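K.L.:
Given next are the chains, with one letter for each unit.
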Amino acid sequence: MAVVSLSNIGFSVGGAQILTGIDLALAEGEFLALLGPSGCGKSTLLRLIAGFEAASEGTIDLDARTVSGPGRHVLPEDRGIGMVFQSYALWPHLDVAGNVGFGLRVRRMPAAERARRVAEALETVGLAGFERRRVQNLSGGQRQRVALARCLAMKPRLLLLDEPLANLDAHLREAMVDELRRLHRMTGVTVIYVTHDQAEAMALADRIAVMEAGRVLQIAAPQQLWREPANAAVARFLGRGQIVPGEVLDPGPDVRVRMFGHEVRLRAPQNMASGPADVCLRRGDLRPGPDGFRARLIDCRPLGDTYLLTVAPEAAPGIVLRAEASFAPSADRSLCIAVNDGWVLPNAGGVQAAAE
Amino acid sequence: MAAGTFRLRNGRRLPISTEALLLAALGLYVLGLCVWPLMRLLALVFADGLVAGLGFIGQVWASEAARVATLNTLDVALWATALSVLLGGGMALLVSLTDLRGRVVLVFLLILPLLIPPQVSALAWLSLIGPQSPLWTLPGLDGLRPARNPLLGREGVILVMGIEHAPMVFLALRAGLRALPGDLIDAARSVGARPPGIVGRVVLPLMLPALVAGAALAFVSAIGNFGVPALLGIPGRFSVLSTLIYQRLSGFGPTALPDVAALALILAGIAAAGIALQALALRRFAVPTDRTGGGHRGFQLGRARGAVTAAVWALMTVLAILPLLALLAAALVPSVGVRLSPGTVTISNLVEVVAGLSMTQRAFVNSLTLATLAAVLTVATAVPMAWLAARGFRVARGLNLAADIPYVLPGIVLSIAFILTFLPPLPVLGISLYNTLWILLFAYLARFFALALRPVMSALTQLDPALEEAARNAGARGLRRLVTIVLPLVAPAVGAGAILVFLGAFSELTVSALLWSRGNETLGVVVFSLYDEGRTTMAAAVSIWVLAVVMTLAGLVTVLARRLPEGVLPWQS
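Chains A and B supply the protein sequences, listed in that same order. Each residue of the first sequence is one higher than the one before, counting from 0 in numbering that gives the first Met the number 0. Each residue of the second sequence is one higher than the one before, counting from 0 in numbering that gives the first Met the number 0.
None of these hints come from the bench; they were simulated from the model. In this text the structure is predicted, and so the values were computed from the model without any measurement. A couple of the hints might just be wrong.
Restraint ranges, calculated between C-beta atoms of paired labels, are given here [unchecked claim]:
1. B:L314 to A:G13: 47 to 55 Å
2. B:R562 to A:G303: 27 to 35 Å
3. A:D196 to B:G101: 48 to 56 Å
Chain B regions said to be covered by chain A (calculated; three or more residues, Cβ under 8 Å) [as the list claims (entries may be wrong)]:
4. 467-476
5. 479-488
Note that beta-carbon positions come from the ideal geometry of N, C-alpha and C, so glycine has one too.
Isolated chain B, as found in the complex (with noise of 0.2 Å):
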């Protein structure tokens, strides 16, 4: 590669390119981040071999509780996949094969869960269902209030996991049945199939991939998910394996270490199997993309139209609002145990969180803090690192697969590698990052690089590469190129990837259990700490500010998406 040179102070030039300086930064920072912490992790485990490594593994393996912890783990898994294809692949064809109303409005009901952080989430199904929910002040409900939240323990996890998930189950099979040809459609009603022939003969076969790929997605986000199970889980006594390695390193400290290391590696030996059906499910997905006769208009529901419709709709509302309004009910009450009415409702609770209590004050600034500077931070990155992979390096190409491996790992094994890389003392500097601000702020870097690469990557790879080489013929170098010609041009998916990662490392919790540390608090981690104390009025106070600040940036990412190119918003229709 015989590109530019770099122009020394003294005017000589080294016979480097700038590309391959930035492409060595970048490699580093990429190397350093998202792989060395794995091999680490990996280091530890097969220390002596792998023989040895594989016989540590089938002794921690031995143990009752990690062996159960895994059972449930699959057992969890399976079911909240289920039941996100259910709901998530029923809501679609729905969605996408009918004239159902309201359709815009409940397409973003569906993906509000996948906004949602796990905790608050769950936090939001204990309000609903438990013994103080206003629900059971409802009229012919008021016999079936609960002495217990039924909604601790297995079915309460899977439930919850499983409407957590069912969007991007959605999102794969909307994506598939939009660029299904309206062709097949009309050539299957021509030979006289009716509607329900024609979904289960024509649609469902086609749409196979997207939806065992939506499926896998799923699967490995319910494998990794700590959020849901922390919260009805723990109390329930009703581990998986991401609950049991965070209770094992909270209880025994850093001791631990090998044996949690261990139970990483099963639960990524898991989730590999899942991303290796995704990837599978992708590469069959191979639907006609001949679209000259255009989509398909969908069938008429004729005289059940009005019914439909009214189901979707009020199973949408107990899916996606209900549970909110409940959260909201728990934060006005003046305290645990008291019954929301006229007379009770209170808004301290929520003043207290931001201008009372301490833990959660310095939680806030925290959580904005670093999720302010990972979204600036993996931009600043992701920006030049797309340029040259869309540019066709291929170490940058390299980089860009390795910069996914954080994030479709379960976090709990991030955190784990995270721990083992940076609680020694770093070399040069001496000092350790483990119980600073540091560690979560780098975890963060590593764990959402994806979420912002994604997004500058499609939006590069839809550039007419012209545009590039006419401002190469005008005499632009490499890096005036990136500033004046490509950073403008990819500006809102820039600004798209910024805020995904900002609501992610906002009320991130997966990771960040493991790393926090006294006065190094986050969001997600007091709204689990509070809600383990038993202080939950005030955790469903801290979520709804959570909620306040997630929804306000999704809508302004969805303002903006009208001015994105196609694929750059997980949600973007």
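Extracted from the complex, chain A is given alone in its bound form (with noise of 0.2 Å):
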């Protein structure tokens, strides 16, 4: 059963429309990353489960119990729903304990069995023995454990994190993004992961739903959507994908598509249609080879251990596309660009189809 269902959200303000149609279903532990570029609507999503702000239309369920829907708004204090916030939010005039243990005794538990409560969920973040500490004190990373302890303490259905990283510095997130790793993997809490950090979101999600302008383009799990993109603003924002035409000659599981007059093997959707298409093409995998399309050498520069061409294919002059070399190719202006995988983008009508 779905721990958190959202059916048809849309959310305005003033007349501007800032989410449409978003549909979501997190499973019993699941790690969902809202993966999009800042202004995207993800915060707002995830305002929305959290209560603080009431969504225009749709229905939000916690555990089959309709949380917002027409006529229906239950208040944040009531859903029970841990968040973490991107400025962690501790109050500076309670200590660690005091953050930790406020939902606690808001509930009125006892002091004793709060007590334990907190120590265990600072055990839990590896904070053990940090209860009588202020939270001036703390460091970055430390902090975003109090904050993560504050929320573990309720023992919540689901936990809420928006952008948890951004205020960290590198090499932290790092190390921050092993810990998420871990915890999640000993509480096994279900979690909805605001970011606009695709690696973040492809090392921590178990699904990950790309967000743009207030849809939601894709949601699947990190390795399809990098090899299956549903559509051209997923694959663009997924590893820079590049998008060009080409004309699909022979359906199958391995379609013959024909690009820059030159005939390849690229996977596509099952029931791809013959006819003109989008493809994505990474970066590696243009690599200068033997069978391949002509294009021009625009600029190449090393990248350490390969080289970053810039070509334009000699049959459409007006693209420019990258691609990688192991060596520098010679002076000779024009070579042979070799296509060793691409993604037939599904057309229009397709989408879903590849979605789910």
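With the hints as a guide, dock the two chains, each given alone in a separate frame, to form the complex.
P.N.:
Written out as structure tokens, the structure is:
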């Protein structure tokens, strides 16, 4: 049974449509990342689930209880959802134990039991014995852990994380990603995690929902999202996929596609019809080789172990593509680019089929 | 707004949120205290329609005394504002843009007049320049002793008000100068501009809105000032609107109410023009805020540093310290007319006013009680109101603005509105608050609500909303969040607000002058009446006590300032 499910959620403020037609369902213990550029509405969606904003349309169910729907809005304080804020939102006038135990106190849990639960939560996040510390004296990573412990102490059914690593520096972020993976495995809590960083989303999530301009473009497991983007926007956002025009000649599991006057075999959704289609090419799949399309070399710059080539296909000089090479190509400005892998994007009508 | 429900004793829930109930209560409070009395004032004048009301104002205006007082009000307010701009503005430039020595203490001396009640300032200046001043015993000055106090009259009013309101210009301009990006000055230097050119062509044009806003504030304060013209103008037969209203009402009693209501509206109209100018200037205050390059480091005075420092210190000593010393001297002589000398010095007056004279004793008790009650009650209402406003309740924001009106309007206008409202017996209770201490308390609650509201509001708006959201998430409901999370976080600002209200109410004169009654004297009133009766040594002695309390509290709040968010204290830098 779904821990949380959203159906056809829409949200507008002052005539501006922020979210449109969002459908989501999370199974017990699932880790979902909401991934998208800033301003795409992912944090707003999180606030709708937490109850800080009321949805304009659609319903939100928590454990089959409708918490938001037409004429119904359960307050955040009655939803029992844990949330970690981007700023951590630790209360500076309370010590670590005061912060972690606040919700338990609100629930009138006896002091002894509360102390035990606080200690347990702090132990879980690796801050055992930190009860009497003042939050102002903690480092960024420690504050992050206290914020997590504050949620975990409540043993919530659902944990919401709003860009929790955005305020940490790079190496700390790396360590916290490992920590969050460990915590998720250990507690088995259902998580929705908002981020704009695709590496974080890929590393943590069971499934990723890619959002843009208030809509969910695709929900899929990280590998599928990478290999089989449902549309050009997802392909571009993840790993800077390059979209080029092609023509499907021969449907099948492996389709034959003519691209820049050259025929290649590419992966494609089932039931791909013959005819014009968009193709997503990753730059690592384009390498100089004997069997490929002719292209003009515009620029070549070293990237450490490889070289980044900027090329323009001779058949379509207006298109600029990035490719990689192990060696710098010879000064000869024309070369042959082999297409080792690629994904034919579903036609507009086939988007849903690929997303599921 | 489908917020939480209100639980009845039998467990049923009313479909009204606690927030909505709180808002309704606060709405009644603000409308009743801050809006309703002023509506009564308008209603009295415009009872027979707009035209008739304007005709009546015209009729009042036609009297010689009213016209002279109005022109005098504008005359002294404009000159006093010019003096405030010169003094406050010049000092702000010197303190903020140069390497003058001892700037921290200078800033304190500059804002000192803001803390001293106007009637005490006036008395201090009278003591300094008057015939009995110890100043004239200084070598070289003994030939200058005047026969009559030269401060009584127009020039004295301008001088003392100009100094009293200089801190407003100073603070407005200093805030602007502190926000000025240093790059702008460095860029002007890099193209070869000299400091005077930079100040004239870069700094001042950018600071013009801040300067205008400060000047408008000083102007509005000068229009409404009562203490200074009461002490310096009335004996000098120089009347302004606030003193004319006071004299008519205390001379003729409530029968003069329609007349003085019309005068009060003229006064309020002039003040409103000043407030509108200030609002306009603040809206246009758009100094570039990109301070990635940091603030400016100021100009080096070089060889002139010593001379400029000495001159500024000498000026501030004369303006801020000498009058207070003269006031102390006036309090330490046994009776009026006796000159201070080692043989005549006595503390009998200081003892007498707290241990002997029953009127001043009552005044101490009354003022302490009123100021304490006013501080506690305004803060207690300001916190929930600011909380609701910060949480985006539109009605609360509207009430917030309404609470500003009694504070920015001249105090004398407010006191007339209060007489009009509370002279008739209260509905239901059937008793009149007039001639009781309660009318003073209510007037103070209205007058100083804004003083408590502003710091709490600015602390609340700077608070990360996530702090409260996290508490909601943990299951804490409205009032519990207010008490366990919000209140502790804004506690320093609440304390500062309470002290500001106490400071304002403790020595209040403008509102009290018309609302006090025998047995219900306040400290501001007794300073004025003792002076009026010619007992200046007693008046000085009470003032010294007032100053002692005010300075102690101001010191306390300044210590507290380190824990305050920005913009909570008016004089915080």
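K.L.:
Does each hint fit the structure? Answer for all of them.
P.N.:
Evaluated hints:
About 54 Å separates the C-beta atoms of B:L314 and A:G13, a value consistent with the hinted range of 47 to 55 Å. Take B:R562 and A:G303: their Cβ atoms lie about 51 Å apart, and the range 27 to 35 Å is violated. For A:D196 paired with B:G101, a C-beta distance near 52 Å keeps the hint of 48 to 56 Å intact. Only residues whose C-beta sits within less than 8 Å of a C-beta in chain A count toward coverage, and the region 467-476 of chain B has 9 of them, enough to reach three; the restraint holds.
With a threshold of 8 Å between beta carbons, the proposed coverage of the region 479-488 of chain B by chain A holds, since 5 of its residues qualify and at least three are required.
Going through the hint list in order, the structure does not satisfy hint 2, though it satisfies all others.
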